[in-house]
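All chains, please: the whole structure from these sequences, using the hints.
Number of protein chains: 2
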Amino acid sequence: MSRRVSIEPLTVEAFAPYGDVLDARGEADKIINAGQCGRYHDRATIDVSEQTGGRVGISIFHATLRALPYTLDLIERHPEGSQAFIPMSADPFLVIVADAPDATPKAFVTNGAQGINFHRGTWHGVLTPLAGNGLFAVVDRIGETPNLEEHVFDAPWIIS
Amino acid sequence: MSRRVSIEPLTVEAFAPYGDVLDARGEADKIINAGQCGRYHDRATIDVSEQTGGRVGISIFHATLRALPYTLDLIERHPEGSQAFIPMSADPFLVIVADAPDATPKAFVTNGAQGINFHRGTWHGVLTPLAGNGLFAVVDRIGETPNLEEHVFDAPWIIS
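So the protein lines, in turn, are chains A and B.
Note that the numbering used here has the first sequence beginning at 5, numbered continuously upward.
Note that the numbering used here has the second sequence beginning at 5, numbered continuously upward.
Among these hints, one or two may not hold up.
One side only, chain B facing chain A, incomplete, derived with CB under 8 Å [stated by the list, open to error]: (1) N37; (2) V60; (3) G119; (4) V130.
Simulated restraints on C-beta separations [stated by the list, open to error]: (5) B:A71 x A:E31: 25 to 31 Å; (6) A:T15 x B:D33: 30 to 36 Å; (7) B:A18 x A:A20: 41 to 47 Å.
In silico negatives: residues of chain B with every beta carbon more than 10 Å from chain A [claimed, not checked]: (8) F19; (9) P109; (10) T149; (11) A159.
Derived from the structure by calculation, the hints contain no laboratory data.
Where is the CB? At the ideal position from N, CA and C, for every residue including glycine.
Pasting the structure below:
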């Protein structure tokens, strides 16, 4: 079996099983500020467990830039909450997801004007910016209890 | 009385009465992803009223770029919740705040790698990007009840 995965553009339709695309597509839901700003309203399904003492918070991630082909060694998921990644530079990043640890991963690339929100429990690769400053705002669960499962592949996948 | 306000760099100290600076300053709170990513943890004081049926959400704002000097006609505030603005391009934007409608406003400019989170109820100017794509992720209260107060100045302030 080939261990290669081809990258496809990130679209709402293709990504729907895994999460939300956070962007300014379509018509604005509301025009505010005397016509100077469009609000694209409520684009993320935030789903954070409060039963385990969690709450929603904003953190900043600073990630190393990656090059293609990218070697995917592991995927992870967060059983206690959704996780949004908003790029702080107008540059593409890779978004890797999988239906299950033994499924073939899927790889998407953003268009430089998209963030994403992984649904709670979605298997995904780590943060992989391809250009820019590597800064992301992350909206996820803040809490003291464990919220990470990892799966290391027997052999890595090559993403290109 | 002069109606001119000088712009100063956005710093954590100067902005503290009004909100949080969302950036990757200092040492990361946690290094994740096998050393490839620093997490600057829980940087925003999210404060969203749930008593009026609200919840936290993520929206995308697309704002017109502004030029200096900027004419400040009005300020606004949101009594029901904090509001975070995360730039989706690595460019500066103006952050204007006021202690009260009749106080002299303060104007800050970001360094291109900073977002901000206004504390609940803080008087502030509308979104004023100075460069870039004008896209921002906004983390604020989603709800059906009113959450906006505006104050129009008798005479505008000139921000430069």
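Unmet hints by their number, sorted upward, for this structure = Hint check: nothing fails, all pass.
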